[in-house]
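S.K.: Chains as they are written, first to last, in the numbering used here: chain C, 1 to 226; chain A, 1 to 226.
Hints listed in this document are in silico derivations from the structure and should not be mistaken for laboratory results.
Incorrect hints may appear among the rest.
Stated by the list, open to error - If the Cβ cut is set under 10 Å, some of the chain C residues that face chain A in the computed set are:
id, residue
1, Met63
2, Asn97
3, Leu101
4, Ile103
5, Gly106
6, Met139
7, Ala140
8, Asp141
9, Thr147
10, Gly185
11, Pro187
As the list claims (entries may be wrong) - Okay, derived cross-link-like pairs now, SDA-like style, lysine to any residue, Cα gap no bigger than 25 Å in a straight line:
id, chain 1, residue 1, chain 2, residue 2
12, A, Lys144, C, Asn112
13, A, Lys89, C, His121
14, C, Lys144, A, Glu133
15, A, Lys144, C, Ile127
16, A, Lys89, C, Ile127
As the structure is a prediction and not an experimental result, all values here were calculated from the model.
By construction, the Cβ of each residue, glycine as well, lies at the ideal position given by its N, Cα and C atoms.
2 protein chains.
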Amino acid sequence: MKVIVSGRRDSITALYLAHRDHDVVAGLSFDYGSKHNHREIPMAQWHCQHLGIPHTTIPLGFMADHFTSHLLNSGGDIPDGHYEEESMKQTVVPFRNGIMLAIATGLAESRNAHGLVIAAHSGDHAIYPDCRESFMLAMADAMKHGTYPGIQLLRPFISTDKAGIASLGHSLGLDFSRTWSCYKGGPTHCGTCGTCTERREAFALANLPDPTTYTHLPPLPPKPAT
Amino acid sequence: MKVIVSGRRDSITALYLAHRDHDVVAGLSFDYGSKHNHREIPMAQWHCQHLGIPHTTIPLGFMADHFTSHLLNSGGDIPDGHYEEESMKQTVVPFRNGIMLAIATGLAESRNAHGLVIAAHSGDHAIYPDCRESFMLAMADAMKHGTYPGIQLLRPFISTDKAGIASLGHSLGLDFSRTWSCYKGGPTHCGTCGTCTERREAFALANLPDPTTYTHLPPLPPKPAT
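If we strip away everything but chain C, and leave its shape as in the complex, we get (with noise of 0.2 Å):
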């Protein structure tokens, strides 16, 4: 068993929660030239020493060089407000969780693990094609049969939202100070950008204290119509 860690959240709840339920055989963050990179990259090491799980970062420096979005380091700033926005397409990074589940998929079988875990959870977001259900669940096929132990995409959280990870997460006893979301990257986490509305609110929902510094501190903008 293995999960794919990126330092956010989302995932090192789920690393918590796999290593509750499976032997967890290694912890995986992809390096991919992102402005936000150099600080998850750390989180989930910090995590995955706690946990005793050995860590591998794989470099994927190509992404930056190759790719275009605003989530690079290469790309444009990172636009603020909710997710649902248009300007939001501009951090789509062109089909990073293929790439992410394809090279997490190499490792796991270079490492006899049967399965991987993945945070993908109900509120992602169908800006993003590589969240959408029909993408995973092809992708899930393609690992199975393109492997010789059949390797299984486990999505513990597909039916949970942000507030019910976070409250998981405290009650797995997760430092949720040791955590990474901000897609700016900076020394605290913005507060403005997509991810950091994400995360204020699902603290807010979830009613837990909120131990993030942030830059910013403007009132949560409104939910977009839907």
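For chain C, the structure is supplied; the task is to place chain A on it using the hints.
M.R.: Structure of chain A alone, referenced to chain C:
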């Protein structure tokens, strides 16, 4: 439109065919630390330059560092003989096609392409799980659903065997002496590994002269009973 080019005979034939039928925006090779990458990639570069197609090499050093396979520089010796033999399993690089297709998909979307060409053919071997039809169909679905343009996976040789591909390459004017097959990656083709055995057979079956310099030229081994 984009094509994956490995420098191998089948991939380069696919490149020439795509160049005839489509607007090819990129040729793509992966340097994943195999014993033969340093032989095949310069050949892919040569053919792309010859056709006026930009060529990109994606470095995937992490595969040599973390994956287990005799195909990699970090693995053991390449076995000889027909592919069907159990020993050829040692040359499987876990989920290699999944990883290469996923990365090519992200790159294709970044360059505003709508499709990928892969030289999968009717003789691909079931010992490689990521060559199986069930994998390819699922991966094609994942690529379509996981990208904005719905990147399409094209497999022009799926009903063609290696001899048929060799005949097609010949008719397209491909200089076969500038293609590489041998998994051992020595100064010349070894003549005895699984890929050399198939390369020799394909030229013979297609009644084409074989311009390859082989280190050893023993009689071709009989096909295993199926």
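S.K.: Would you list, in rising numerical order, the hints stated earlier that this structure does not obey?
M.R.: 10, 11, 12, 13 and 16
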